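Trainee: Sequence:
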Amino acid sequence: MRILLILLWLPGSVLAQQHPNIIYIMSDDHDADAISAYNNSLIQTPHIDRLAKEGMKFNKAFVGNSICAPARATLLTGQHSHKNGVRDNFTAFDSTRPTIGHLLSQNGYHTGIIGKWHLRTYPAGFDYWRILPGMGQYFDTRMITMGGDTITEKGYATDVITDDALHWLDSIDKEKPFALFLHHKAPHRNFVPSLPYLEKYHQQTFPEPASLFEDTSGHGSAWRIQTMSILSVMRLCGDLKVDPEYLRDIPGLSPTPDDLATYYATLKRIPEADRSRFKAIYAERGKIIATEKPTGITLLKYKYQWYMQDYLACIGAIDENVGRVLDYLDSHNLTRNTLVIYTSDQGFYLGENGWFDKRFAYDVSMQTPLLVRWPGHIPANSENNELVQNIDFAPTVLDFAGGKIPTWMQGISLEPLMTGKVKKLNRKYLYYHYYEFGNDHTVIPHLALRGKKYKLIYFYTVDEWELYNLNKDPEELHNLMKEPHHNKIFRDQKKKLMGLRNRYDDHEVAGELH
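If you count by the working numbering, then the sequence shown holds residues 21 to 534, one letter each, in order.
Derived from the structure by calculation, the hints contain no laboratory data.
Owing to the predicted nature of the structure, the values given are computational and were not obtained by experimental measurement.
We put the CB at the ideal spot given by N, CA and C, even for glycine.
Just to be clear, a hint being listed does not mean it is correct.
[Claimed, not checked] Dumping the calculated DSS-like pairs for lysine-lysine here, alpha-carbon to alpha-carbon at most 27 angstroms: (1) 444 <-> 516; (2) 472 <-> 516; (3) 441 <-> 473.
[Stated by the list, open to error] Computed beta-carbon distance windows for the label pairs: (4) 482 <-> 117: 27 to 37 angstroms; (5) 400 <-> 61: 20 to 30 angstroms; (6) 235 <-> 482: 16 to 26 angstroms; (7) 171 <-> 216: 24 to 34 angstroms.
With these hints in hand, go ahead and build the complete structure from the sequences.
Mentor: See the structure below:
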């Protein structure tokens, strides 16, 4: 009788919920090294770090195609790109196919997706959505609403997206669990911080990666033709905000019409009260260029520092807003029954090899941060070194929600790993396939096998192989294919790559690999 009375006294939401609420936060191009739980030499991210301290940090989480739209389609489907149909940033997602949104709704969840979508169709299967058109803007971004109207939301995008997410949480009936997918546009380039974080970071000096000045000429075709170089590709004024008035008469650095259009359009969107301060900071950079007229390594050093200042300042706002979400859970007594996941759509080059952007199967861009918290279920302050991949995210969320994982999903649930039911995965290798080759950064399409010790990459359109010993060469600078005594290892890794390709039913590269 006493037990029955206690049950009747409990709030209805506790009785109704058999599975946790789920908040999945995904930023755009947020490299793990820009989270202090992973690397405290660049930035302090206390709110994101809180997830690591109160939950689990994955040190070997990777994606299967390091580029924005394909990563998002993989989240929705638990499938590699060749199965979900989104191989690049130019292909629309087929919104008639079932997604994690449909499956969670069928399992009794409120479902909402807010922020960056980037899949050229409208979301389907979610109870609520509000999405950025394309990349969106950092200030006063447009938003597409469920009714199909496009509105302008005043403010800084990272704040606005969080505002919208918290408003949705306020609006729903807590008698049943919710699943919120909160997708930030930041820190995607062009990097435009909010003023408080620009002020905080614009005078800081950041450590240079050891390979910042790497000579790419001795590497294969993919290295030679890529257009990801900070020195030669990142534009002053257009990409890195430098006042163009100081650049006009400097050979090789004069702004193009596109640079000028980008710069002035950016300034126009910045709130008028803050605009003069932005201009002053960008003028400081311009004065350095006008006075020193730097070239070569000296110019690269300046570009790298300005890149890091703006990129990390964008992340500062993300961390603050992750804190807002965690505070909301605390203040509404939701923390103990909410699974929180923080990740990015992929990693990002922060000067390694002298590069920015992603796309390659090298660990810098293939790896993604992954931090998860569910108090009382996921051990606090725990770390995991198993090989996990973004094809696993949908099955994991569905498993936590008590749903049945469809056979068409290619990933596996990480719930047993996260909750400590198992310590190891029966997985020795990950599969990677990058497709897009065109105007954006000219990265050659390739397949890759990522194991715990070796990585094998095949740039199949130019028939070039790369093999790396990740234990001895974590920066992946020394291609073992140049050394004949590694032929046996190469043949073994190639056989495993073909096996994994067949297992995932990927026949984009037909027949035997050369």
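Trainee: Work down the list of hints and note, for each, if the structure agrees.
Mentor: Against the structure, the hints come out as follows:
1. 444 <-> 516: It holds: about 20 angstroms lies between the C-alpha atoms, which stays within 27 angstroms.
2. 472 <-> 516: Holds - the C-alpha atoms of residue 516 and residue 472 are around 13 angstroms apart, at most 27 angstroms.
3. 441 <-> 473: 26 angstroms, holds
4. 482 <-> 117: 27 to 37 angstroms: Hint holds: Cβ distance 33 angstroms, inside 27 to 37 angstroms.
5. 400 <-> 61: 20 to 30 angstroms: Check passed, 24 angstroms falls within 20 to 30 angstroms.
6. 235 <-> 482: 16 to 26 angstroms: Distance hint for residue 235, residue 482 holds at roughly 20 angstroms.
7. 171 <-> 216: 24 to 34 angstroms: 25 angstroms, holds
Of the numbered hints given earlier, the model fails none.
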